[in-house]
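Kindly produce the complete structure, drawing on both the sequences and the hints.
Listed below are the residues making up each chain.
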Amino acid sequence: MSRIEACFEQLAQQGRKALIPFVTAGDPEPSVTVPLMHAMVEAGADIIELGMPFSDPMADGPVIQLACERSLKAGTSVSAVFDMVAEFRRDDDHTPVVLMGYLNPVEARGYEAFAAAAAQAGVDGVLLVDLPPEEAEELCPYFHDQGLDTVFLLAPTTSEARMDKIARAGTGYLYYVSLKGVTGSGALDVDEVAARVETIRKHAGLPVGVGFGIKDAPSARAVSRVADGVVVGSALVQRIADHAHEPARIPEQVAELLAQMRAAMDA
Amino acid sequence: MSEKVDYSAFPDARGHFGAYGGRFVSETLVAALEELDAMYRRLRDDPKFRADFDRDLADYVGRPSPLYLAERWSERVGGARLWLKREDLNHTGAHKVNNTIGQALLAHHMGKPRVIAETGAGQHGVATATVAARLGLKCQVYMGADDVARQKVNCYRMSLLGAEVIPVTSGSRTLKDAMNEAMRDWVTNVDDTFYIIGTVAGPHPYPMLVRDFQSVIGREAREQMLAREGRLPDALVACVGGGSNAIGLFHPFLDDSEVAMYGVEAGGEGIETGRHAAPLSAGRPGVLHGNRTYLMENDDGQIAATHSVSAGLDYPGVGPEHSWLKDSGRVEYVSVTDSEALDAFRRLTRVEGIMPALESAHAIAYAEKLARRMKPEQNIVVNLSGRGDKDIETVAALDGLHF
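Keeping their order, the protein sequence lines are chains A and B.
Each residue of the first sequence is one higher than the one before, starting from 12 at the first, in the working numbering.
Each residue of the second sequence is one higher than the one before, starting from 361 at the first, in the working numbering.
Some hints here could point you the wrong way.
[What the hints assert, rightly or not] Away from chain B, derived, C-beta distances all over 10 Å, residues of chain A:
1. P143
2. H155
3. K191
[Claimed, not checked] Cut-off 16 Å, straight-line C-alpha distance, at most; resulting in silico cross-link-like pairs (EDC-like, lysine to aspartate or glutamate):
4. B:K364 - B:E618
5. B:K472 - B:E395
6. A:K84 - B:D660
7. B:K729 - B:D687
8. A:K191 - B:D551
9. A:K84 - A:E40
10. A:K191 - B:D545
11. B:K729 - B:D594
12. A:K191 - A:E203
13. B:K364 - B:D759
14. B:K498 - B:D545
15. A:K191 - B:D552
16. B:K364 - B:D687
17. A:K176 - B:E394
18. A:K176 - A:E145
Hints are computed from structural coordinates only; laboratory data are not their basis.
Treat the numbers as computed from the prediction; the structure is a model and nothing was measured.
Think of the CB as a built atom: it goes at the ideal place given N, C-alpha and C, for glycine as much as any other residue.
As structure tokens, then:
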């Protein structure tokens, strides 16, 4: 059983929902990331989505764009991201890590080489925001051969016919983007999300995580009532930005917000 | 190429030109692209849509654009006869309007009240603002902050036309960043907004539909040359940034194996310096802005900064059909430097009284090299894709003049 599958199974037995933080690897500097990952687990994170910085993050709002710029400026490479995961794995063998990013850095390395290096580092899954399932037919077998889950997005605009297609290509969990927009924008409508997640469940047996628009404990709690996982990104990355000048404080700052979300979700 | 390719059959149903093209976008946009694809496939064969498009090209753009034999320039260069396809004489001064007319008609049919665009030199922004003004559509144009600074006149033109120019300060502050920002706008406002992409790049169906709208250039040039000379040209030359003027000229000739084709990229300060914008000459395949194509990138897949004196060519990617035509060998891709293009800009202006856009000046510069290798009875058609008025400040600055 994969780490992701085991994670959702255990949560289901406990009657809890997954808290899934996103941070950009190497933001604002590489030395911050591994301590930050451990601090997030301690604060109640169940799965970590680790952003691979990209020069042209088209699907991201200003908060994560700036995180990519800080990380790349600090010299974060794809190999460095793998090294961070490998270092994290030395002290944490159970928390799933999903790399999230854009396709081009994966293409640059080659699908097979990327998958092998990711698996070797201890990565559990990969989510590429500009890779819809139609274009992923070549990539998926390389990733699945290495035991990596391929996580795909669903959006408010996704038709039911496409849900079937995405459910077939996806493994691990599905990520429902709660609103039309880039990361960090708007406020989500929980009733609408609830209805969409219910529809998705008719087409897919996988757990459904919901992201975009979750910024605090109340929104995390609301979404946890209707989904299997709550993804929070820009709100955490903004905290990192606010403390970029004092990186030693970043783990505790991010952990504080996550702990509030965890408590609200479990209450 | 040994095997016969049916060029009209590409892209395939999924938007692929061989290994290139495709639809690499976040899930939110897939439905909008599918809707656009279905609408376009229906309308392109609809006689009324075609008649509307043709009428606008004739009465509003001023087509057909002349095919002009530049006798004095040809004589000065020595070699083949040089013909200019005068896209600079179109309304708004460049080929860009052929495409914005077509996409605005699509927006109208899809009932979208708002259009957005990205622009580099500002020509596509102006062409979009123009058709938006004519149809009463709300229009916002994303433009890299560095390009806003070097194309002030076009920015003011857009605002006079009622469009809002939004400077983009992220990344390298040029065309690629403007395209990122336009994509972000579209994903947020996808219900009421039509994204008018200015070149043959982006996710499927854009490379196909922009090519189809621009192919009027090549269809006319073909007819004009046959009417004047009774035969096809021996060679075609066009500049390639994203590559819409080039594909527009080339596409109707792809099956004519006797017609050689040259796409001219921006060599900037020289390919060997790394400061250029020539992905086909010095890049490798990757994925950016919704399609797989040749890109300028580092070993880690991060998109590289580009350099060209011409804002319209200052882009790290290129339309996917060009990548496919490069690999197949049907089109030869070359580059000329900033200084070669500037020399050609001045030469054509002085010899023919025609001031080319700095983008088009790249094609002019290569055509001179090519003509010298060819015979006097041979004919080269050069796409004069835009007029140079917008570049006067840039050229003057190099002469030490500031207005």
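When you look at the beta carbon of H155 of chain A, is every beta carbon of chain B farther off than 10 Å?
Check passes; 20 Å lies beyond 10 Å.
Taking only the CA atoms, is the gap from K729 of chain B to D687 of chain B under or equal to 16 Å?
Violated, at roughly 23 Å.
Next pair to validate is K176 of chain A with E145 of chain A; report whether the Cα-Cα distance is within 16 Å.
Roughly 8 Å separates the two Cα atoms, so the pair holds.
Hinted pair, alpha-carbon criterion (16 Å max): K364 of chain B, E618 of chain B. Please report holds or violated.
Roughly 14 Å separates the two Cα atoms, so the pair holds.
Between the alpha carbons of K472 of chain B and E395 of chain B, is the straight-line distance 16 Å or under?
holds, 12 Å
Is K84 of chain A within 16 Å of E40 of chain A, Cα to Cα?
holds, 9 Å
Please verify whether K498 of chain B and D545 of chain B have alpha carbons no more than 16 Å apart.
Answer holds: K498 of chain B to D545 of chain B is near 14 Å, not above 16 Å.
Regarding the assertion that K191 of chain A does not contact chain B, is the least Cβ-Cβ distance greater than 10 Å?
It is violated; K191 of chain A is separated from chain B by about 6 Å at its closest Cβ, not greater than 10 Å.
Take the C-alpha atoms of K364 of chain B and D687 of chain B, compute the straight-line distance between them, and say whether it is at most 16 Å.
Distance of about 15 Å is within 16 Å: holds.
Verify that the Cβ of P143 of chain A lies farther than 10 Å from every Cβ atom of chain B, and report whether the claim holds or is violated.
violated, 6 Å
Holds or violated: K729 of chain B and D594 of chain B, Cα atoms, limit 16 Å.
It holds: about 15 Å lies between the C-alpha atoms, which stays within 16 Å.
For a C-alpha distance cap of 16 Å, please report whether K364 of chain B and D759 of chain B respect it.
Status violated; Cα separation ~50 Å.
In summary, the structure is inconsistent with hints 1, 3, 7 and 13 from the numbered list given earlier, while agreeing with the others.
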